[in-house]
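Undergrad: Construct all of the structure, not just a fragment, from the sequences and the given hints.
Top line first, the protein sequences correspond to chains A and B. Each number in the working numbering corresponds to the 1-based position in the first sequence with 17 added. Each number in the working numbering corresponds to the 1-based position in the second sequence with 989 added.
Note that these hints are calculated values from the structure, not bench results. Incorrect hints may have been included.
Heads up, simulated SDA-like pairs for lysine to any residue below, C-alpha to C-alpha not over 25 Å straight-line [unchecked claim]:
#1 A:Lys414 / A:Ala377
#2 A:Lys358 / B:Val1171
#3 A:Lys336 / B:Thr1345
#4 A:Lys414 / B:Ser1419
#5 A:Lys491 / B:Arg1378
Partial list, derived from the structure: chain B residues whose beta carbon lies under 8 Å from chain A [unchecked claim]:
#6 Phe995
#7 Ser1234
#8 Pro1314
#9 Thr1345
#10 Gly1386
#11 Phe1388
In silico negatives: residues of chain B with every beta carbon more than 10 Å from chain A [stated by the list, open to error]:
#12 Trp1036
#13 Gly1144
#14 Arg1198
#15 Gly1225
#16 Ala1259
#17 Leu1428
Note that the Cβ used here is the ideal one computed from N, Cα and C, for glycine as well.
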Amino acid sequence: MNALHDILLPSPVPETLVRGLLFAAFALHLLFVLMMLGTGILGFGYFLQAWWGQELAGAERPALVSELRWDKHVLRMFLIHKSLAVVLGVGPLLLIQVAFSIPFFTAVTLFAPAWLLIILFLITASLSFDALGHKMYVHHYAHLAIGVVALVALLAIPGLFVAVLVSAENPDRWAAVVREGFAFDPRLVVHWTFRYLHVLGAGLVFGAAFHYFFTSRGDPDRKRSLLKWMLGGLLAQVVIGAGLFFSLLREPTPAAYAYLLVGAALAAVVIGLAAFHVGGAPMSARIVLPCLVVLLVSMLLVRQGFQDAAFGSLMPDLKRNAEAYRLKLAQHSDEAVQSYKEHIRIVYDNGQTIYARSCAFCHGDGGQGDGPDAHYLQTPPERLADVRSTKAYLYDKLVHGVAGSAMPYFSYFSPPKIAGVIEHLDATWHVLSVPSPLPARVSHADMAAAAKEYDSTCARCHGTDGRGTTPASKALAPAPPDFTAYSLQPQWAFDVIRSGYASTAMAGFPSLPEGVRWGLVQALSEKRRPAGSP
Amino acid sequence: MDFPYFQFPWLGDGLVIAITAVVHVIISHGVAIGVMTMIFLAEYIGWRRRDERYEAFAKAAVKPTVIIITGLGAMTGVGIWFTTSALVPAGIGSMLRLFFWPWFVEWAVFVSEVVVLLVYYFAWDAWQGPRKKRHIYLGAAYVVLACLSAVLITGILGFMLTSDGWPWGREFWQAFLNPSFVPQLAWRLAESFALGAAFIMAALLFFQRDVVFRGEALRLYSAVLGVSAALMALTGAWWFQVVPSSFKTHAAFAFQMMTGMQDRPWFWTAHLVLMGLVGLTAAVGLLRWRLLAKVLAIPAAVSLIIFLAEFEWVREFIRGPYLMPGYMYANTVLLSEHELFKHEGMLTHAYWYNQTVPKPTPEDQGAFLFAQNCGTCHTIGGRNDIRARFRGRPEDGIFVMIGRTEEMVPFMPAFSGTDDERAQLARFLSKLEQNAYKLGAPARYPPVGAEER
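TA: As structure tokens, this is what we get:
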């Protein structure tokens, strides 16, 4: 089966509940996001106003202007707004990930680098605005620089979120993005632009409203200014909202039209009230705040309608495909759990287990280099039962492996474990003892011929000292062994000299007389350093 | 396979999540639980003894603490969601299905915690005199909520080390109240209080001018540090006892990491030195040796941060091949899918792969098999470079090793796919090791250019 499917574990929450929770949590989150955005924009706006005001006023009225410092008053609230916006945001994130796993995660992975940048933007905006809001009086230019950084970081965040949502709501374009990357699509870009600006405009309205009603008591100048910002924001929203309406990617449903009408009517009421009060008495919170909250909810319902339409056509298929795939996998689930059970029973704390799990598939249970996977390898695995070596030499081979062969490194096992493997090899095949005596005595003539043969042929790679560190051996992979620390049982050494070692530089010498070959075996075993010598 | 592939370039996915998570726990444990508890302790003592000095100290410390918690702690906490959803969506998506309710309750606790913290901070001046008691209750409520969020998250974080229960029963409580739940929680709380005490001691020693008060408070927090550090050692050992032996054997690797690991004496010495440093700091503080305490306080805090990072690292590492025990491998392939792919192949089941590459070349197939099987931990050319892992090994050897990862390396998942796919991956990796490919954008699939060099 090759179809996109939902995550296979069943959803822990009924769909209606999760959707309801998602809407409520998102509305709550967005309310604080908007106030956070508004507070950030207003704080920076008031800073500029105070600074320019000071410059314009010159030396005549500095006291008045420095008393203003409205930006400090505004930005002090940033800590609250951003803290609540962020923690409240975890809920919708959680809920959308469980309700619409595939569209959400797909959009996120498509946007991954930008999505991860949000973390940095959040930290930057948060710490910079907190620094400016909490009595950090810095030079104007420093304030300007920090403010610009903070504002850019802050305003980038909703832009990225909107982009992720636009992407999630357009599943028909995912494949093209995966294939060719993001392409410039005028319809999507225009839609994104208006949607993003609509968030910023709403931020301005809600931020200004918050400060108008909650932080400017007894300060008519500031109230008047905030009301102007709010009115400006509302008027901008009407224009941006119209743009957004015409850039919609789907036909609105009748319900969406109804919510839209409610929202527009409330917006008209608030605009009327604000315009009426700009020059006069303060507005009543009891009328305006409920209007604004219902306005927000009705606009969010419009948004929700589009999102549901976008996901609605996708989710049933995803769930059906998940069910089919789940059934298919159910045939294998016993096997899977059984293999898990076996795997966690195995404790890699002794040489025997480690050999059985990590070595035997090549080297074989009997150490004959004939494990079940040995036949895949051109260079046959070592016949460990025939190896006679030292702890240090084997340790080195186990930790570093043998380049040019399939022998991996086992440095991920701690020293005691590797020592345990060597002990196991020794207990089973006596790999740390000296090689057995030759089956027959070698004549003096054969020994002499063997010595000559070694010097003329073998020493080129193996070296006269048997260490295998000659200029010719440098390029060899696998490298020749070090005969001062490693030997093979006589019969196997004899066989290797006759037939060579497949897929290595070690050629066979079948034409050598048998006596000379035994002589070579004897000569090699004499190169072993006696135990304890350096 | 259910999501388009993205890997964080160079660092790899695991390390990015780990960095975010460690920064977060330093703040969530050390500051949000630790420092705030110490501040509350000072406020409480000041209130009970009518000692203005404790009150003033607590009040001065709370502002930077709140800014760090909300600005860095909350952001990195959300950051863990961001990184996991972008880097291992199938993993976090599945975890979420299992642990939705604890995470949802955690969210409610988290929101309450922040609201209480903000009120605690902003109402400090207003709630004085007869209203002070209310402020004290608020502080206590904060400490309880902060600890509660640790309780909730520990149930989820300990789940991966489950040796029995959930994989068979598939019941929520089996997953949440896993064997390592209690010791891990105890350790986390001990670490939080120790780190909080160390931070507060540093603040006292560097910023507090009142000599008499400084000595008194130093003694108080040194006692907290000493007791908490002792509890850390005990609960840490307890936790390690509870971890299933099969997982525990990965620990040596996790502790020592790659090349440094063969040198064990160095490792234990370092631990003893760091533990000794923390103990010594507590002792010096109890004796009110100001100058020495001033020298030691920050190194002691750093040592505790190292222990915290190490604990998280070991915990994440020794879960080894499983993201969800008995259900999902670390590379997000399901254990049952692994069995299926053996017969039917991974490529035929890979939706996005088939969407993306209509006429795949062997390179595409190899690159995809690498991305899905190995890409969670291994990069090409970055950290844990796959080329270094196979340096000098022939193609047939790579083929055999890929087929035996689960047995040969106890903390690695198995390769999922048919033998043909394994051969394709081996060929791709062998050519990669020989630098036969021009590497394309490393973060996206496929990570190689279409043409060979």
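Undergrad: With reference to the structure, classify each hint as holding or not holding.
TA: Hints, one by one, checked against the model:
no.: 1; hint: A:Lys414 / A:Ala377; in the structure: 16 Å, holds
no.: 2; hint: A:Lys358 / B:Val1171; in the structure: 24 Å, holds
no.: 3; hint: A:Lys336 / B:Thr1345; in the structure: 23 Å, holds
no.: 4; hint: A:Lys414 / B:Ser1419; in the structure: 22 Å, holds
no.: 5; hint: A:Lys491 / B:Arg1378; in the structure: 22 Å, holds
no.: 6; hint: Phe995; in the structure: 4 Å, holds
no.: 7; hint: Ser1234; in the structure: 5 Å, holds
no.: 8; hint: Pro1314; in the structure: 7 Å, holds
no.: 9; hint: Thr1345; in the structure: 5 Å, holds
no.: 10; hint: Gly1386; in the structure: 3 Å, holds
no.: 11; hint: Phe1388; in the structure: 6 Å, holds
no.: 12; hint: Trp1036; in the structure: 25 Å, holds
no.: 13; hint: Gly1144; in the structure: 15 Å, holds
no.: 14; hint: Arg1198; in the structure: 20 Å, holds
no.: 15; hint: Gly1225; in the structure: 19 Å, holds
no.: 16; hint: Ala1259; in the structure: 16 Å, holds
no.: 17; hint: Leu1428; in the structure: 17 Å, holds
Checked against the numbered hints given earlier, this structure breaks none of them.
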